[in-house]
Structure formats: structure tokens, C-alpha cells
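Colleague: Chains as they are written, first to last, in the working numbering: chain V, 1 to 381; chain A, 1 to 240; chain Z, 1 to 796; chain L, 1 to 106.
It is worth saying that the hints were derived from the structure and are not from the lab.
A virtual CB, placed ideally from N, CA and C, is assigned to each residue, including glycine.
Do not take every clue at face value.
Not everything, but these chain Z residues come out facing chain V in the computed CB check (under 8 Å) [what the hints assert, rightly or not]: (1) Thr408; (2) Trp420; (3) Met421; (4) Gly445.
Some, not all, of what chain L presents toward chain Z, calculated at C-beta under 8 Å [as the list claims (entries may be wrong)]: (5) Met1; (6) Phe37; (7) Leu40.
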Amino acid sequence: MSGDHGHEHHIEPWGPHDWSHGAPHNSFAPLVMSIGFGVFLYAFANIFVMGGLENISSMAGVMLGFIIITIGLIIWWRQDMSFDGVYEPQGVGAPFRNIDLRKVAMWIFLMSEMMVFTSLFSTYIRYRLGIPNCEDVFLSGEWVEGTTVNCFEPAAHLIASSWFHLAPGAVNTFALIVSSFTIVLALKTAKMSNKKYAKKYDIETANVDAHRSRKVGIYLGSTLFLATLFLTLKLIEWFVGFPTPGPLTDLNHGHSEIKSLFAEGYTIHANAYTNYHYDTSYHGGHDIPTDSALYAMLESGAHPGGMMMADIRVSASTFYVTTGTHGVHVFAGMVGLSYMTFKALRGGYGPSNAVSIEYFGLYWHFVDLVWVLVFPFFYLY
Amino acid sequence: MGIASATFDGLWNHYEMWSAIVGAFTFLWLAHHSLVYRSKDGDDDWEDIDGIKVGVFPKHNDDLKLELAWTIVPFILIVWLTYYSWGPINEVWADPDDPDSKYGLECGTDGHDPNKCYHTISIIGQQWFWIFDCGNLDAEICDSSEYQDLNGTMVPVLKLKQGEYYLANLTSEDVTHAPWFVKFGVKEDTVPGLETAMWIAPTCETSNCGGDQGESSLILCTEYCGDNHAYMSAIVTVVN
Amino acid sequence: MMNKRSLIQTFAIFVIIGLALNLAPEADSLPSGIAGQSEKGCICHGAIPDSGVTPSITGLPSTFNASTTYTLTVSFTGGPSGTDAAPFNLGGFNLAVSSGTLAAVDERVKIENGEAVHNGIDDDEDNNGIHDSVEAGGEPITSGNDFTSWTVNWTSPESGSTTFNLAVNSVNGDGAASADDKWNTMSVSVSGPSSGIVAEPLEPADPFVVLATLIIVSGVLLGAVLLYTFYRANPDGFNWESFAPWITGWLTTTDHKKVGTLYFLAGFFFLGIGGIMAMIIRVQLAVPGNDFLTQDQYNQFFTMHGTVMIFLAAMPLINGFANWLIPLQIGAADLALPRINAMSFWLQPVGALLIFTGIFSGAAADTGWTGYAPYIVSETAHTGTTMWVAGQIMLVASSTLTGINFLTTICAMRAPTMGWMQMPLFTWSIFVANLMLFISIPAWGVGLIQVYLDRTIGTAFYYVASGGDPLLWSHLFWYFGHPEVYVVIVPAFGIISEVIATSARRSVFGYRSMVYAMAGIGIVAFIVYGHHMFTSGMSPTLRFVTMLTTMLVAVPTGIKIFNWLKTMHKGSLIYRTHTLWALGFLVTFTLGGISGMFFPSLAMDTHLHETYFVVAHFHYVFVGGTVFGMFSGIYYWFPKMSGKMMDEKWGLLHFLTAFISFNGIFWPMHKLGVMGMARRHHTWFVSVDEYTNIPAEMADWNLFISVSAFLFFFSNFILIGNMIKTIISGKKAPADPWGGWSFEWMCTSPPPTPSFDPHNLPVLHDANEYHESEPGGFTKWFAGLMVPEDDSEVSH
Amino acid sequence: MNFYGLMILTAIEVGAVGVDLSAFAESIGATEKQLTFGILWGIGIPKFIMIAAIFMHLYGDADSKILTMTALFPAFFIIVMIFFIGLTSPGAPTDLPAWCRPPSWL
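Extracted from the complex, chain V is given alone in its bound form (with noise of 0.2 Å):
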């Protein structure tokens, strides 16, 4: 196999490895790379300081770390490009006796993420039941109008609330559903083998890897487009609202159109939020529940009604921050999948060196199970 003790090996720190032998390779990708997050993380804290947006010129800042990483990136992955699964290690001994050591790196790297997105999930929990419900402290009628109250306003209380909200959500879930399910396509694909291949696809043996590239490529290509769409979605959902013309106006009960969270007022600055729900003379009062404290003060003329205004800073805080942290993780998968779609399309893939899919595939589910826990956490409760 490898190993090629004593002789001296040519040093390429630029161009594609002679995977034949092991370690070590050189190679300017981790410098690179890491000055390229340094430049990033620098220029973007020039940007906004304190919330206010100080000096938009370090933009540029932020797009030369972007540049440099993508550097980086592409130095790691001429390297990697040539690689044709020849040299897998494995583990040897307990526990991970026969393994190939990417899969257990890569389930290791998972366990570290499993640590971040419970960090998110204590946070949430703890600020969900640390600070009083928005809607609770309505109903409980102990505010006045005109000064805010601070509280908790989960964002389902304003994307559950009709099925047009709640739409880009749910179509983010099944793309991430169907994209975990190409990503499985894609793997078969490119584990069958050549005599299978063309019984299934009843082409000669002669171009069956010609036809499987392309296929494999399809598949990745597919998964990256569904992560692209849960991209555009999320950020559809926060920024931008979308119309319900024609018919589908009076189905969303007279509104032209659905506006987004920021349109909605639920942004990490809101520290005023005002919203329907917290008016006492919507649809002349008849939403309140009759059992409501806020009711009975109506009633008897205790309470003068009218709007009530609320701190959401630290509910929307949490929001944004962990479905922003899954959606960077997306980010992360779209920029691994761009890479494996190229080099399936060069016929990188077929059923000796099918492994590196797989090892995607676990991160890609992985992603799809935080979603999972996500979705409902933050969206519908």
C-alpha cells in the first residue's frame, strides 16, 4: 500500500498530492485559510459596532477574508482532487477496529456540534422560561399602554399563526428531508457496481462510468440546489414577505401579501414591538379569551385597553442566532457539495472511492436532525 520510509518526497504545497504514499504532505491551506477567518472575523467587527452600523467601507474587509478562504479552500481541494481512494486508512484495535478513519473523525467533529446546538438549545430554554410569555403578560393585563414590558415573544407566536406564515418553514423542511434523501441517491449510485450499473440501466459496461458520473453529479447537484432553496427560503422569510395575489388574497383574509419578520417588527433591536395580537381592539376585542384576566379588567372597565408594547430583544436574539447558526451550517454543506458536485461531474466518484459521499452524507443528515429539533422548537411552539 503506502509508506514510502526514507525516501525524500517531493514537497508540493500548491499542487495535487501523490496520494500513494501517507503523510506528510505539505501545504498552504491551513495558513492560508487561517489568516483569510482572521481577516474575516477582524473587518466584520468593524462594520457594526454596538449595533450601529459604523463604517460600511470594512465590507471590503469581509469580502477579502471571504476571497481568502475560498483560496485556501481551492489549495485543499487541488490537493484532494487527485485523490482516488486509494490511500484509506482504518482504524485498528478497539473500538473502531476496521472503520476508515474519516468516519470516525467525522463522527467525532459531530459529537463537538451535537455540544454547540445544545448550547443554543440551554440558552433558549433558559430565556424561554426565565422571562414571562408576551402573550401571558396580555393576557394577565398587567401593562399599561404606552410603556414597554419586557418579555418573551417566541417566533412561532407570529409563524404559526396562519398557514400562509408558516409556509416557507414547511417547505424548508421537506427540501432538507428530500435533499438527505438525494444525498442517500447519490451514494448508491456511486457504490453500485459497474455490472449492476448497466443491468439497471441497461447501457454497455464500456460507458457505464460516463453515465454514472453524470448521474452522481445530477444527484449532488440536486442536493445543492435543495440546500440553496432552504437558503433563499429562510432568508425570504426574515427579509422579504412574499405576495398572495388573486385568489389566494381572501384566503389570507384580505392581505395582499405576507410580510416578512423584519416588515413584522421582529428584529433583534424591537425593543417596542407592537403587534396585532396585542391590541385590544382587534376584531373589537372578541380574540381575547373570555377566561382571561384581561377580560374580566375590560369588562369592568379596570383596564383602558389599547396597545401593548413589548422588549422582544433577547426572544428574537435567540431566534436568529440558532436558526442563523443551522443556516451557516447549510452554508457549510452547500460549499462542501459545490466542491463534490464538480468532482463528480469529472468522474471523481465511482465504487472504490464512493466513501467521501458518505462521509458528507453524515454531516448533511446531521444537519437534518438539527432541523428536526429546530423547526419545532422555534418554529411551530
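Once you've looked at the hints, dock chains A, Z and L against the given chain V.
Modeller: Frame of chain V, contents of chains A, Z and L only:
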């Protein structure tokens, strides 16, 4: 003269005794072994007990009885120390509405025992000075009107009475601070947006607290709070 | 031998170095950062000096002549002065002079104990905005605080120079102290005729200039040493052409030995920088009421000292040992993922650059290494804090990648004949340390990202007004913080186990109980972190629970110490420097462990928390434990890494000076802490007659500490000198100089690249004969879990 | 097959929230919030298991068992974090509950 409150001194002496014992035991053992088991002359004729060779995992050298001994004995010492320091918790964190705690109930509430009750004061921490509020307690029990120069800055003086007990409600206007009554050995953080509490039982060294002007000691800020964290101190004077 | 072109280039390098050396003192940082304004202005109107108010003094000569009277006009502009219509209560001033006398010119000014102050009392008792005199029907009497400028007479002294400290208030005139009243201060100094040989008062050396100079000097020294070792490596290759490939070799290496050396370089460099900061802090604390550092600068120094020492010195040194030794000890060619190993190294220096950006702007992070909320997100924290947080996010990424690499390597790449219970104890310690680090660091990463977003785009995780909970940060930080301090000490345990066993020429006592003790520490580390927050307003139930669990921590550590002592029983101890350091570790770490036992009991912790007793404890465990363990490891493994034997005499000198001065520094701190010296205070005061603070004799203890601190700092250069001397002219080292048993002593020193040929990995024999007993229930169950022995990997 | 199962479960989940269940909730004596909470957990857990088991090869492969152990290893630390950070709220030390206080004779 004790370091801080009597409870603290009791605990401190007890822990110091045990530390001395454990320390002496370990260091005697260390000194003995490192002197007695030195390789005598050069290192050729030492009696190679375990026969250590390169590339060979050495012979196990363990003795279950011994290892169990120095697992269980420290554990017993630890359990004893936990039990010993469990008692004072009731003093440092007594329950304000438990009549038979050290401080009893609040003076003036119905059913309080007159010679075992506490007064409530409030301490507010702000970026870089303390605000003491005695509420409507009469000046003889608690008075926070005076100021005094302390190393160049004017700091408030809290005048308390010996033998009285005080429950201080703490909060902060901006960042975390923590009043540390150095002589009474108590501190608790003032967290913005949260009300915490701390018991103060002022005592003096001399019985009549040094005549009428009382015995003063320092209150330091012991939770880092920014630029003038070191200047954010105050004086507590205990009168008889 | 060097052609003309490279001669010129070499000459150019020396010119640049020369320039850098003498430019260093001028390495000034932005003036805005280190404003000279005294920070003790009047703090009754609002908390912080407001740059909107600009005070000024006119009428001052450039140089005054002896004892002449000058009329000065003191005035200010800006601030809310007199926004109300009624022309009264505009503002006030306070002028203090360091020499000469002040006199009032008109009734607007009065002189109070030598300082000129506006002569104005609140003229609006019922503060309804109308002057009392007007209310009483009379003419509005104008008084001192109805103006924004005043005139004062100042008679100058015979000689010397005088500093004028002016503090001005600009109030909105509503008669009540409110938050929007602003104040600001300025100070200017004027020099008079020099009387004879009056020494020009030394401008106090600005600590940041001192720090920046020392950083640049140590950087240049490091560069010079590297160039010299490059030269000695092959003298005739010392030219420009062969320099480029050499440096690329180091910048792009993924070989675990070279990355290990890079880690050592970074670790020692920052150990030096952290040490310099410690020295500056000790200069400040040497005498009571010292003002070498203002409190603001002191805050930056202790924050950076903590961050640099833990994250940029101790962790890289541990990674240096781990990178060098793990593949060698388990018989692997290299780590599982070499390029990710290089990446996790390079993230650290770039992260360090980010952390240090604050220093150059003079507004470095001043939040303490713990960075408690809400101060870290408040306006008063320095702008450098965001960069400090960003730099640490990169360190989190680096540690996560290291964790993946080492866990995979140790779990899956051991030599076939090495089972879990045949691994050397140092490998076990790195395994447990990386497991703890790897599981706990995401909590800190999430906390840091929350603070980073709070300070940039303005999310409200720790914004108290919107319901943000400052204790969430303490929880997330200490959930990581306590396992982190065990991550820093457990590798030192591993090193000490190896060194004591080999020095006493016995196998370590109770190998299995050592492994279970380390596993025990690994688990307990996660359930005890509450003892850092006993007085912090955390939920009292959790404080009580963590009191009980913290008591447990002493048991596994006690087992290990007793096992080390028993290892020496009937051994035949060879006294080399690494043995001395291991025994030194045993002394200082035991003392640190014992002083640590005072904190779990709540009643004592309410007195001891945030005092110098805590500082003493954790320095005994950090420096006495980790750093002494590292020193022992360096003397033990340096022959293997460099192929040359170190000088024992220098080693003994280093041990004696460092060990004694270390105890000189930190032992008295226990007493200081208990007597009342609080942590993170930039100065302390001895008790005066009216109130008792630290007793007077403590003053010389602090001076004693500062002196031994400098001794300790310089004693460590003996080690650096020893290492350089050994690299250049050390005696050739045999493969196994100390008689160790593990794999690293089998290969040559320095080991070849790749370390072991993957074809014929080393075979580990076992001196204990195992009688092939029937495998127990657990082993059978576990065997069922694993992939069967024979068939190839299934997922192909 | 696994894919279709997941799609159906997600549809139920979204439906449960979209449809107004207050009437049904009254009948079983719970508020709509609690009912939705129950449904979401009821569907969330099987989805979690289906993805982990089938898509991530944690069931049915030779290396599944050992990798499931690896996946479950951080469970202890997750539980510690959820209990210590998620479910505690700050408070004054004086309201230490009775079971933590020492017995009166101490």
C-alpha cells in the same frame, strides 16, 4: 484577633489543621522516598525490580488493598469536611422567614422575638460608588448619611450597631459589583436586574467598639466592574 | 562563499533589524488611547468624563518666571450647560495646581484647601427651575455656578514645573444631579526657570510603550535565534535562495514533529509575553497607592496576562508535547488528519494577532480573562474587547480541530499490539484532556459568539434592560472554564507519571487506578463548575449541589499523588533535572491542591472569593502544576526531539532559582488574600488610623513578592539559554537516554519522518503474562459492538 | 421508504400547528399549547430516530453499534448542560430550599 467572622475562623482553623496533617503526611513520605531510594553510586549495580526494557509494557506494580485504602480514607475525610462545613451554611444563607434561624424574623413583624430579629437595609452598586439605603430605620440602628475621604475619593460611611443583625437586599444599576465586608467576611454579587441578599452581623474587637466613634473597616468591591473598580470602596463603622 | 547579490540582501536584513531595534521605544500607540487625563475627576455628575465638554485654561505663559502672579481664565464649552431658559446653574469647575498658590479674583470663585472652586450653592431648593431669590420676589442673585468661565490669580513658585488639573461640570441647570449632566477633565503643565540642577521630572514610562517595546525586542530576539539556528543547520546553505524553501517548509508542514516544534515556539514566545505583563503588574502592586499603571491600564494588563498565559502559552505548550509524542508513543506514522493538524496550529497565531489588536490601540480588552457580562457588552468596556472575543473564537475552532485529530488518532491508530491498557500514561492524559476540552469548548464558543454579536450587530443576549441574564455568560463560560483548567493540568499529570516512573527506574504504581483516576477527573470536571459562582447570584440549589460535587474532586487527585509517591518506593532514583522538576511539581501541586480545598465550603468561600487567596491557589496549580510539569517534560524529552543532551548544571541552576523564587511569589499571597487584599484592584492601601484595611506589614510582603517575581522571570531564561546552547553544541543523544520503556525511546533521536514506517509498525511486548481467562461479560458485550475482526470495512 | 415516512410525519407536524385544535384540546382537558407541545414531541422523536438510524447508518451496518455508542457518548454532558444551564434561574442565596439546609442540631 480573628481573620473575619467567628464562623469563618472556626472553619479556617479546622481546615488549616487538616491541611497541616495531610501536608505533613505527604511531604514526609516524599522526602523519605526521595532521599532513601536514591541510586547509590553511579547506576550500574541497582537491583532492577521491574526489569524495564524498551518496547515492553512494564510489569504491573499495584497493590489493591493500598489503593483502596487511599481512596476510601480521603473520601471519609472529604465527607467529614463537607459535613463540618454544612452547618455554617445556615448562618451565611439563613432563611429570612424562618423564625428559629440565627437571625429570627424581621424586627417589627408580628410574632418576631424581640432579642432575635433583623433589620432590612438595601445596598445598590453603581459604576464606581455604593449607595446605602437604611430605609426608615432610626439613625442609631443604621445611618448612611456621612461621607469620608478615603485615599482621595469621597466614600459613603455605613454606621451599624453591634449586636444587631441586618439583611442587605442587593441590586445594581449597571454591571455586576459585590460589596465585601472585609472584617465580617461576607460578600454577595449585586447583579443588575436581580435582587440578591446578604446577612451582616457586625461585631467589634473591643467590647465598647472603641468609644462613641466606633470601629471602622473597609467595604471593597469584589466583582470586576471596570475603570474605578479599585476606588469603589466604602467604610462600615460599628458603634455600640 | 556568498555571491554578491545575497551579500547585499543579508546586509539589508541587518539594517532592517537595526532600525527595528532603535525604533522600538517610539512604538507609540494612538494618542487617543492613553489620554493623560486623571481619572479621578468629579464623579458626582454621571459616571464617565464626556468628550462633548471641552475645558480650557487661558493666560498661562509658556514658561513662567519665579513668583509672579498670572490671571488665568478657566472656562468650558459644550455639554448641556444652561439649556433651560433661566440663566442660572450653568456649571462649575475645580482647579488644582501642583505648586504655586491660587487666589480668587471675584466672588464667583472661592479657594478651598488650596484648590479654586466655583463659589455657588444650589439656588433652587425646591428645584422647580426658578431661582430662590426670584421666588422670594428679589433680584436673581447670580452666584458662581451661573457662569461657564471664571478668573483666578495664580502666583508661581520659584522654580520647577507646575501641573494644572482642571475638572469642569456642565449641568442642564435643573438643580438636581442627573445622568445628562456632563463633566470632563484636562491637565497641562508649565515649566518655570530651572533652579540649578533641578532634575527634569521623568515622564513616567508609559506602560504600553514599555510593553510594546519588550514585545518587539522579544520578537526580534526570536527571529535572530531562528536565523542563527538556520545558519548553524548548514552554514554554507545560509543564503537567500535556500532560505525561501526552508521557510516554506515550515509554513506548509503537516508533519506532527514540525507542527509540534511550531507549537513550542509559539508557546514559549507567549509565555515570555505573558511573563512581561506579569512583571509590569507586579511593578504596579509593589508599593501601596502606586500609580505606574492607571486602573484602566491595569485592567487591560491583568486581562491580557490571563488570556495569554492560559490560551496562548499553556495550551500551545501542551499541544507541542502532544503533537510530538502521541504518534511516537502509540507507534503511528502521523496523526489521523495531518492538514487539519496544521490548520489547528495556524489558527492560534492569527487568533493571537486579533487578541492583541486592542493593545496597539491602547484600548485592549479590560474585562478579565473571564469576561463577565454585562460589563463585557457595556459601553464602558474597551473597543478592543470585540477583537479579543473574535481572536478567542478562532482559538475555539483550533481546539475543536485538535480534539478531533487526537481522539481519532488515539482511538484508531495505535500499533496493533498496543491495547488500551498498554498505552503510556502521557497518551492517556492527552486522551482524557482532549475529550474534556472537546466536549466543553463549544459552550464557550457559543458564549463568545453571543458576545461578539451583542457587541457588533446588537443582539441582546446580555442586554439587561431587555431581560438579558448576565449569569447565562457565567454558566456558559464556567461550563467550559473548569474542564479547561483540568485540560491544562491533566497532561502535566501524564508527564509526571512518565518522568517519576523512569527516574525511579520502576514501573508506575497502580497503572489501572491512575487511568481510572484520570477518567474520574474527566467526568467530575463537568459537574463542579458551580464553585466559581458561589457568590454570583446563581440559583442557590445549584450552588449547594456543586459544593458537594466539588468536594469529590480531591479524591482522584489524591489517588494520583499517592500513586506517584508509591512509585518511588524501593526504586533507585537517578537525580537529573527532569527528576528534580517532577519532585518540585509534587511539592507545589500538593500545596495548590490543599489550598484549593478551602473553597468548596460555602461559609469560607464567601470570604475568600475574589481575593488573593484565590490568586495564590490557582497560580500554585497553574504554574506549580502545569508549567513545572512542562519544564520536567522538556528536560525529559528534549534529547529525543533535538537529538542532543541538555546541560545538567544549567538545569540544576534553573531548578533552584525558579523553584525558590516561585514559592517566594505565591506563598505570601495566601496570607494577603485572607487579610483583605482583593483581586483585580490596581492598587491597595495599608490601614490608616481611622479604618483598618491591610495591616502595614503586608506592604513589605507585596514588595517581597514583586522582587521574587522578577527573580522567577529571569530564572526561566536559563532554560531558554540551555535549549539554544544544546541545539547548537549539545552532546549527541542516544535513542533511550533515561531508560524509558515506551515506543518513542525505540526510534532514533531525532526521530525519522514519517515517524514509523506504516508497513512495519513497532510491536509492543507485555511483561505481564495474561492467563487466557474466559473474557468477562463486559468484554464480550463490547466485542459484539465492534466491527468483526476479519472482514474488510463494510461500508465500501 | 424512510423518505416517505419523514415527509408524512412533517406534514402531520405542520398540520397540527396550522389546524385550530382548540376544540379537540378542550375535549381532552388540555390547552391547545400543551396539545401542540405533545404532538410536536410525539412526531419529533420518531423523525429523529428515523434519520439517525437509517440515513446515518446507525442501524443495520457492521459498524452501527460502535458508532451509536460514539453518538450517544455526549448524552451525559448534554443532560448536565440542559439541567445546569437551561433549567436553573438566578436567585438570592437566602431562598436556599429546605432540603439543602443542614439539620437544626448542626
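Colleague: Quick check: which numbered hints come out false for this structure?
Modeller: 3, 5, 6, 7
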